[in-house]
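For the record, the sequence lines run as chains Z and L. Using the numbering used here, the letters of the first sequence map in sequence onto residues 518 to 795. Using the numbering used here, the letters of the second sequence map in sequence onto residues 315 to 476.
By construction, these hints were calculated from the structure, which means they are not laboratory data. It is possible that some hints are incorrect.
Among the chain L residues that face chain Z by a calculated CB cut under 10 angstroms, a handful are [unchecked claim]:
| no. | residue |
| --- | --- |
| 1 | Val365 |
| 2 | Gly371 |
| 3 | Leu391 |
| 4 | Ala437 |
Examples of chain L residues toward chain Z, derived with CB under 10 angstroms [said to hold, decoys possible]:
| no. | residue |
| --- | --- |
| 5 | Pro360 |
| 6 | Glu361 |
| 7 | Cys364 |
| 8 | Gly367 |
| 9 | Phe368 |
| 10 | Leu372 |
| 11 | Leu382 |
| 12 | Ala386 |
| 13 | Leu387 |
| 14 | Thr388 |
| 15 | Ala390 |
| 16 | Phe394 |
| 17 | Gly397 |
| 18 | Ala398 |
| 19 | Val399 |
| 20 | Phe433 |
The calculated label-pair distances, taken between Cβ atoms and stated as ranges, are [stated by the list, open to error]:
| no. | chain 1 | residue 1 | chain 2 | residue 2 | range |
| --- | --- | --- | --- | --- | --- |
| 21 | Z | Gly524 | L | Ala460 | 30 to 40 angstroms |
| 22 | Z | Ala570 | L | Ser466 | 16 to 26 angstroms |
| 23 | L | Ala473 | Z | Gly524 | 32 to 42 angstroms |
| 24 | Z | Glu593 | L | Met443 | 48 to 58 angstroms |
| 25 | L | Phe456 | Z | Ala528 | 31 to 41 angstroms |
| 26 | L | Phe456 | Z | Ala570 | 41 to 51 angstroms |
| 27 | Z | Glu593 | L | Ala473 | 39 to 49 angstroms |
| 28 | Z | Thr575 | L | Ala460 | 21 to 31 angstroms |
| 29 | L | Arg472 | Z | Gly543 | 48 to 58 angstroms |
| 30 | L | Ala460 | Z | Tyr577 | 13 to 23 angstroms |
All values reported here derive from a predicted model rather than from experimental measurement. Beta carbons are placed, not taken as given, at the ideal position from N, Cα and C, and that holds for glycine.
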Amino acid sequence: MRIRKFGLLLALVGVCLLLLTLQSRGYGARASDFVAVVTTPLQAGYARVTRGALAVWTTYLDWKNVRAENRRLRAEIQRLRVDALRVGETDEENRRLRHLLALQERLPLETLSGEVIAREWGGWVRALTVNRGRGDQVVRMTAVISPHGLVGRIVDVRPGSAIVQVLTDPASTVGAHVVRTRTPGIVEGEPRGTIRFKYLARDGAGIQIGDVLVTSGQGGLFPRGIPVGRVRAIDDRGSALFHYAVLEAAVDFGRVDEVLLVTGQPRQDLTAYFPNGG
Amino acid sequence: MRALLALTVFGGGVAHATLAPTLRVAGVTPDLPLIVVVLLALRRGPEFGCVAGFAAGLLQDAAGGGLLGVQALTKALVGFGIGAVGRRFTATHPLVQVPGLVVLTVVEALARFALLKLFHFPASLGELMAWVVLPQALYNGFLGAALVLALSWVESARARSA
Numbered sequence: 518m519r520i521r522k523f524g525l526l527l528a529l530v531g532v533c534l535l536l537l538t539l540q541s542r543g544y545g546a547r548a549s550d551f552v553a554v555v556t557t558p559l560q561a562g563y564a565r566v567t568r569g570a571l572a573v574w575t576t577y578l579d580w581k582n583v584r585a586e587n588r589r590l591r592a593e594i595q596r597l598r599v600d601a602l603r604v605g606e607t608d609e610e611n612r613r614l615r616h617l618l619a620l621q622e623r624l625p626l627e628t629l630s631g632e633v634i635a636r637e638w639g640g641w642v643r644a645l646t647v648n649r650g651r652g653d654q655v656v657r658m659t660a661v662i663s664p665h666g667l668v669g670r671i672v673d674v675r676p677g678s679a680i681v682q683v684l685t686d687p688a689s690t691v692g693a694h695v696v697r698t699r700t701p702g703i704v705e706g707e708p709r710g711t712i713r714f715k716y717l718a719r720d721g722a723g724i725q726i727g728d729v730l731v732t733s734g735q736g737g738l739f740p741r742g743i744p745v746g747r748v749r750a751i752d753d754r755g756s757a758l759f760h761y762a763v764l765e766a767a768v769d770f771g772r773v774d775e776v777l778l779v780t781g782q783p784r785q786d787l788t789a790y791f792p793n794g795g
Numbered sequence: 315m316r317a318l319l320a321l322t323v324f325g326g327g328v329a330h331a332t333l334a335p336t337l338r339v340a341g342v343t344p345d346l347p348l349i350v351v352v353l354l355a356l357r358r359g360p361e362f363g364c365v366a367g368f369a370a371g372l373l374q375d376a377a378g379g380g381l382l383g384v385q386a387l388t389k390a391l392v393g394f395g396i397g398a399v400g401r402r403f404t405a406t407h408p409l410v411q412v413p414g415l416v417v418l419t420v421v422e423a424l425a426r427f428a429l430l431k432l433f434h435f436p437a438s439l440g441e442l443m444a445w446v447v448l449p450q451a452l453y454n455g456f457l458g459a460a461l462v463l464a465l466s467w468v469e470s471a472r473a474r475s476a
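Let's have the full structure, built from the sequences with the hints guiding it.
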């Protein structure tokens with residue numbers, strides 16, 4: 518066993534020395550040729566495996582990098598989307614505020630701007646909460662408007678906020694008239710969230726779909742001439758005393774975010790200050 | 315047995331060609347075939363170590379285009395020597411493995427240098443030691459120890475699962 522062990526060592530050492538001797542005596546080429554017979558196929562396989570292993574490794578690294586980059590880019594896309602939304606939102610808010618400011622500047626009455634901070638949209642009550650209250654000298658029954666038209670009136674004033682009853686509230690009634698025919702009537706809120714115009718049948722024969730309605734100013738609560746809505750359909754009740762017109766509100770109450778609280782007491786008609794008629 | 319030897323040596327060679335450049339630190343690459351030969355010799359004894367060293371060294375000689383037989387001889391001797399005396403040491407402890415591999419690398423390098431000097435190798439031993447052998451020896455020591463630890467962890471995990 519021991520002899521075999523050392524025999525193997527001696528044999529291998531002998532092979533090595535033979536190879537070295539051959540090379541030192543100028544038979545290097547032959548020695549190399551001899552070894553090449555054995556090693557060349559190995560080297561070829563070795564190179565193939567090396568290349569394969571390298572390719573696998575490189576592919577793995579690429580995949581890993583691509584994955585990391587993909588993750589980073591996804592995060593960046595998310596961030597940019599949020600940024601874009603924020604920019605869009607800011608842009609939209611800016612546009613609304615400009616609109617509101619323009620209205621505030623051109624109206625011949627004192628107003629106070631307010632921001633909608635809550636909405637009550639249950640059906641029994643339709644109201645908005647604005648961030649103006651007793652501290653801002655807001656009082657009950659203050660008219661609330663937006664650049665598109667009438668929003669409603671303040672029905673409750675709290676220290677830092679006020680509740681606005683919007684036109685679609687079932688308890689809301691506003692005196693209004695049709696601009697074209699001057700037909701007077703009352704705009705009422707309905708439980709389903711729409712508004713209708715109630716008028717005397719004898720006065721409303723000429724009302725047409727698309728007619729614009731504005732506040733009448735009677736009662737002194739709302740300034741005269743603020744757009745309320747447009748006639749969308751006429752509910753002719755034959756010989757009944759009152760007829761109704763279904764209205765499309767001038768203001769999208771679900772989307773209104775900034776409003777003006779009319780604090781002054783206007784005397785003149787404001788129709789001209791709402792050029793689109795709501 | 316022979317297939318395992320061939321696979322291991324071949325694997326060591328492949329690993330040397332593929333992994334060593336990747337594992338380069340400050341221009342120093344480990345001698346993976348030497349580490350493989352030492353690990354084999356420790357586990358399988360001197361005969362296995364000798365043949366593995368010869369084959370791995372010959373592959374390295376052939377791949378490097380230098381004198382055939384130099385590394386085959388030195389690695390065969392290292393494989394045989396470590397296989398013969400390695401079992402007398404507790405080679406499973408890193409405090410033995412790291413300096414052991416460092417010393418083996420230096421011994422193999424000295425033997426290689428001595429052989430090459432017979433063929434008028436031009437470089438001086440001091441420079442070679444400072445720039446090539448000692449950094450590589452240190453690297454071999456730590457890498458070999460890490461490999462041994464990894465192998466023993468795999469083996470214990472397999473034993474636990476069995």
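Verification of the supplied hints:
1. Given the 10 angstroms rule on beta carbons, the hint for Val365 (chain L) holds: about 7 angstroms separates it from the nearest Cβ of chain Z.
2. Here the hint on Gly371 (chain L) is kept, as its CB sits about 8 angstroms from the closest CB of chain Z, short of 10 angstroms.
3. Hint status for Leu391 (chain L): holds, given a least beta-carbon distance of 7 angstroms to chain Z, under 10 angstroms.
4. This hint is violated: Ala437 (chain L) has a C-beta 18 angstroms from the nearest C-beta of chain Z, more than the 10 angstroms allowed.
5. Checking Pro360 (chain L) against chain Z: minimum C-beta separation of about 6 angstroms stays under 10 angstroms; hint holds.
6. Interface restraint check for Glu361 (chain L): the shortest CB-CB distance to chain Z comes to about 6 angstroms, inside 10 angstroms, so the restraint holds.
7. With its C-beta approaching chain Z no nearer than about 5 angstroms, Cys364 (chain L) sits inside the 10 angstroms limit, and its interface hint holds.
8. Look at Gly367 (chain L): its Cβ gets to within about 8 angstroms of chain Z, closer than 10 angstroms, so that hint holds up.
9. About 5 angstroms separates the beta-carbon of Phe368 (chain L) from the nearest beta-carbon of chain Z, less than 10 angstroms, and the hint is met.
10. Among the interface hints, the one on Leu372 (chain L) holds; its C-beta lies about 7 angstroms from the nearest C-beta in chain Z, closer than the 10 angstroms criterion.
11. The beta carbon of Leu382 (chain L) comes within 5 angstroms of a beta carbon in chain Z, closer than 10 angstroms, and the hint placing it at the interface holds.
12. Evaluation of the Ala386 (chain L) hint against chain Z yields a held restraint, the C-beta minimum of about 5 angstroms falling below 10 angstroms.
13. A least Cβ separation of about 4 angstroms between Leu387 (chain L) and chain Z falls short of the 10 angstroms threshold, and the interface hint therefore holds.
14. Checking Thr388 (chain L) against chain Z by beta carbon gives a least distance of about 9 angstroms; that is within 10 angstroms, so the hint holds.
15. Look at Ala390 (chain L): its Cβ gets to within about 5 angstroms of chain Z, closer than 10 angstroms, so that hint holds up.
16. For Phe394 (chain L), the interface hint holds, since its Cβ comes within 10 angstroms of a Cβ in chain Z; the closest pair sits about 5 angstroms apart.
17. Interface hint at Gly397 (chain L): satisfied, since its Cβ lies 9 angstroms from the closest Cβ of chain Z, which is below the 10 angstroms cut-off.
18. For the restraint placing Ala398 (chain L) at the interface with chain Z, the shortest Cβ-Cβ distance is roughly 8 angstroms, inside the 10 angstroms limit, so the hint holds.
19. Annotation: Val399 (chain L) was flagged as interfacial toward chain Z, and the flag is violated, the nearest CB pair being 13 angstroms apart, outside 10 angstroms.
20. About 6 angstroms separates the beta-carbon of Phe433 (chain L) from the nearest beta-carbon of chain Z, less than 10 angstroms, and the hint is met.
21. Taking 30 to 40 angstroms as the suggested C-beta distance range, the pair Gly524 (chain Z) and Ala460 (chain L) conforms, at roughly 36 angstroms.
22. At roughly 25 angstroms, the beta-carbon separation of Ala570 (chain Z) and Ser466 (chain L) lies within the given 16 to 26 angstroms, and the hint holds.
23. Evaluation of the 32 to 42 angstroms hint for Ala473 (chain L) and Gly524 (chain Z) yields a pass: the beta carbon distance comes to about 36 angstroms.
24. Checking the proposed 48 to 58 angstroms range against Glu593 (chain Z) and Met443 (chain L) shows it holds: the Cβ atoms sit about 51 angstroms from each other.
25. Distance hint check: the CB atoms of Phe456 (chain L) and Ala528 (chain Z) are about 34 angstroms apart, consistent with the given range 31 to 41 angstroms.
26. The beta-carbon spacing between Phe456 (chain L) and Ala570 (chain Z), approximately 23 angstroms, falls outside the hinted interval of 41 to 51 angstroms.
27. Distance hint check for Glu593 (chain Z) and Ala473 (chain L): the Cβ-Cβ separation is about 47 angstroms, which falls inside the suggested range of 39 to 49 angstroms.
28. With their beta carbons about 24 angstroms apart, Thr575 (chain Z) and Ala460 (chain L) fall inside the hinted range of 21 to 31 angstroms.
29. With their beta carbons about 53 angstroms apart, Arg472 (chain L) and Gly543 (chain Z) fall inside the hinted range of 48 to 58 angstroms.
30. Remark: the range hint 13 to 23 angstroms for Ala460 (chain L) to Tyr577 (chain Z) is upheld by a beta-carbon distance near 21 angstroms.
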